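Build the full structure now, drawing on both the sequences and the hints.
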Amino acid sequence: MQGQTGSQAKESNVDVLIIGAGPTGFMLAVWFSRLGINARIIDKSSDKVQAGQADGLHPRMMEIIDSFGFVHRPLTECTIGFEACYYEPDANGQLHKVDRRAEGIPGISRYNGSVIHQGRIEQWFIDAIDGFSKGTMKVERPILPDSLDIDESRIHDQTAYPVTVKVRKLAEQDAHPEQYGHRVQNGLHRQFGGEEDNRTAAADDSAYETIHAKYVLGTDGAHSWVRKQLGIVPVGETTDHVWGVLDIVPITDFPDIRKRCSIHSASEGSMMVIPREGVVVRFYIQLKGDVEYQEQPGTANSSVPAARRIDRSKITADMILERAQRIMAPYTLEPAETLWFTGYQIGQRVAPTFHKHERVFIAGDACHTHSPKAGQGMNVSMMDAHNLAWKIAHVVRGRARPSILSTYESERLQVANDLIAYDTKLSRLFSAPPGTISTDEFRKVIEQGMAFSTGCPIDYDASLLVSKPNRKTSDETFTSSLATRLFVGQRIPDHRMGGQCEGRPWWLHERLPSTGAWRILNFCGDFQSHDTLKQNVRDVGEYFVSADSFVKRYTPKETRFDSVVDNILIHACDNWAVEWNDVPEAWRPKDHRGVVDYWKVFGDMDNLQGNLNPPTNEGRTTGIYDKFGIDKDVGALVVVRPDGHVAKVTRADMEGVKELEGWFGAFMVPAN
Numbered sequence: 001m002q003g004q005t006g007s008q009a010k011e012s013n014v015d016v017l018i019i020g021a022g023p024t025g026f027m028l029a030v031w032f033s034r035l036g037i038n039a040r041i042i043d044k045s046s047d048k049v050q051a052g053q054a055d056g057l058h059p060r061m062m063e064i065i066d067s068f069g070f071v072h073r074p075l076t077e078c079t080i081g082f083e084a085c086y087y088e089p090d091a092n093g094q095l096h097k098v099d100r101r102a103e104g105i106p107g108i109s110r111y112n113g114s115v116i117h118q119g120r121i122e123q124w125f126i127d128a129i130d131g132f133s134k135g136t137m138k139v140e141r142p143i144l145p146d147s148l149d150i151d152e153s154r155i156h157d158q159t160a161y162p163v164t165v166k167v168r169k170l171a172e173q174d175a176h177p178e179q180y181g182h183r184v185q186n187g188l189h190r191q192f193g194g195e196e197d198n199r200t201a202a203a204d205d206s207a208y209e210t211i212h213a214k215y216v217l218g219t220d221g222a223h224s225w226v227r228k229q230l231g232i233v234p235v236g237e238t239t240d241h242v243w244g245v246l247d248i249v250p251i252t253d254f255p256d257i258r259k260r261c262s263i264h265s266a267s268e269g270s271m272m273v274i275p276r277e278g279v280v281v282r283f284y285i286q287l288k289g290d291v292e293y294q295e296q297p298g299t300a301n302s303s304v305p306a307a308r309r310i311d312r313s314k315i316t317a318d319m320i321l322e323r324a325q326r327i328m329a330p331y332t333l334e335p336a337e338t339l340w341f342t343g344y345q346i347g348q349r350v351a352p353t354f355h356k357h358e359r360v361f362i363a364g365d366a367c368h369t370h371s372p373k374a375g376q377g378m379n380v381s382m383m384d385a386h387n388l389a390w391k392i393a394h395v396v397r398g399r400a401r402p403s404i405l406s407t408y409e410s411e412r413l414q415v416a417n418d419l420i421a422y423d424t425k426l427s428r429l430f431s432a433p434p435g436t437i438s439t440d441e442f443r444k445v446i447e448q449g450m451a452f453s454t455g456c457p458i459d460y461d462a463s464l465l466v467s468k469p470n471r472k473t474s475d476e477t478f479t480s481s482l483a484t485r486l487f488v489g490q491r492i493p494d495h496r497m498g499g500q501c502e503g504r505p506w507w508l509h510e511r512l513p514s515t516g517a518w519r520i521l522n523f524c525g526d527f528q529s530h531d532t533l534k535q536n537v538r539d540v541g542e543y544f545v546s547a548d549s550f551v552k553r554y555t556p557k558e559t560r561f562d563s564v565v566d567n568i569l570i571h572a573c574d575n576w577a578v579e580w581n582d583v584p585e586a587w588r589p590k591d592h593r594g595v596v597d598y599w600k601v602f603g604d605m606d607n608l609q610g611n612l613n614p615p616t617n618e619g620r621t622t623g624i625y626d627k628f629g630i631d632k633d634v635g636a637l638v639v640v641r642p643d644g645h646v647a648k649v650t651r652a653d654m655e656g657v658k659e660l661e662g663w664f665g666a667f668m669v670p671a672n
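For the record, in the sequence shown the residue sitting at position 640 is 640 according to the UniProt record's numbering, with numbers rising by one throughout.
Possibly wrong hints are sitting among the right ones.
[Claimed, not checked] So the derived label-pair ranges between C-beta atoms look like this:
id	residue 1	residue 2	range
1	Thr477	Asp205	53 to 59 Å
2	Asp548	Glu447	50 to 56 Å
3	Arg110	Thr484	18 to 24 Å
4	Lys425	Thr622	30 to 36 Å
5	Thr484	Arg154	44 to 50 Å
6	Gly629	Val279	42 to 48 Å
7	Val595	Asp539	25 to 31 Å
Honestly, the hints are just simulated from the structure, not real lab data.
What you are looking at is a predicted structure, and each value in this text was computed from that prediction instead of being measured.
C-beta: ideal position from N, C-alpha, C; glycine also.
Below, the structure is given as structure tokens:
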């Protein structure tokens, strides 16, 4: 804790205060630690998650983890999904396999969905935060917020700290989640809890601190204290469908235990099988009549209607296992080891707004709650944070106007609503009584949502930060005539390209790390074959190194030339027809020591020569120009946001550059 010493209550200032140290909070923290933002992260629990909780990383989240430089951790530790199986009863009621499919959409990303328990995922982020911050940013535990106030007279003053949060350090005995007498670790307090926020253990003044912040970000879960302080009430419903979750090391004769499986029994309900790291398997099990309800008033903090609150103390690992055994029969299932369990009541809710005065924001489960069936909870939550963090950082660092913050809610609220719609449909099918739905119907819903489940096609509407026409329908996409296969508003697809300096094949995403920089990808075409394109490259290059360049206008003198706007050239020439010195200096920049950055110039893989041309089994089916629908005789400038989404497409000439100058000028702030 920062501040004064002694018995007096402490007081401090911070640019950003994160309340809640789960995956969403860690995504914010890894951004802020990498970008050098003065941020703190607090949590009411005494330690991070050790077992259970969320466990899936979809392909887009793997790409994001890669952009922060630690994708080797999940690739080494996770179970990676490749196949999915579907089981249902035959005419005699006997369980049998009816279908087997590839998991996800092959080719949508170079990563597959991966599974491991939340504690390991959090540890990867903790290690990255520690490295980026050089050990200065740590989760402060166990700290409970007591009050939150916003000084509305100062919310438009960017030098002010208008949000005041009073917090107190808890005694260790108050910081441990209630396990309800169970011998196995469980997450019942998270699914049906919230009451622990009312802890009122006495503390002297030295346990208290008053934190003044420019921004407060609430990533404190479904029972979010921050959301309640803002008076935001989620909209939605809770059903009577109750499911159990069980993490065990199984002993079983079920043949597909190491594949993702959906099982519908004749009379005992439904189940999902999710293979986890090592020999661990997670089971999601429909609890048909196995739970008891408390017909009594709930607390003010409960997000479940008072009249139908589950008696969580009656949910046990043995009860969940027994139901799983009945669903899986005639296959047998016994635990060699039981690691974790929980139960949850299916409900879908979305907060109607994600902020207050654009000074206090909520993200993750604080914004949207749903069942874990679609494997989206942690992923969508972390992507909320991935969307918000760089925008907050831009404003705090004085690089962009606060107006960009409005795009957080407009972009992520639509994603939340789409997720709830998909989860509602999927959960009802999973929980439907046996015999009331067909496996074909169930698989159709899965397939319809498969692309969404990868996280890759998320499409942001027109805004300050996305240059395209307003959509008429939520599923309408937009491409420029200059890049007919590149969807503006979506994450830019990954694809191979050839490094000019060494002839090595690169993935595009390898050159788009999460550093907070905008990218201008200059698809300049085959400039060696067309004099007009060659002149365009010269003119654009001369502009970017000139004193009048908008890139220089927004880049502080003490920072790297590519720290705010990074220029990358991707040509369509035969790479042996291009000599290194043929490329303008704008794409051969030198640092303060005079050392050249060699990795700003790339060529289309169709034209890559030499022994390093990748074989077809690495996915080389087309070049990047064809992949994005860019004419090699015309070219295009493609602007990519710091979070990897395509923001704008325009002409690869000075007319296009001037258009970008005006576009950036609408929200960027010149450097001092």
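A quick look at each hint next to the structure:
no.	hint	in the structure
1	Thr477 to Asp205: 53 to 59 Å	57 Å, holds
2	Asp548 to Glu447: 50 to 56 Å	52 Å, holds
3	Arg110 to Thr484: 18 to 24 Å	23 Å, holds
4	Lys425 to Thr622: 30 to 36 Å	35 Å, holds
5	Thr484 to Arg154: 44 to 50 Å	48 Å, holds
6	Gly629 to Val279: 42 to 48 Å	45 Å, holds
7	Val595 to Asp539: 25 to 31 Å	27 Å, holds
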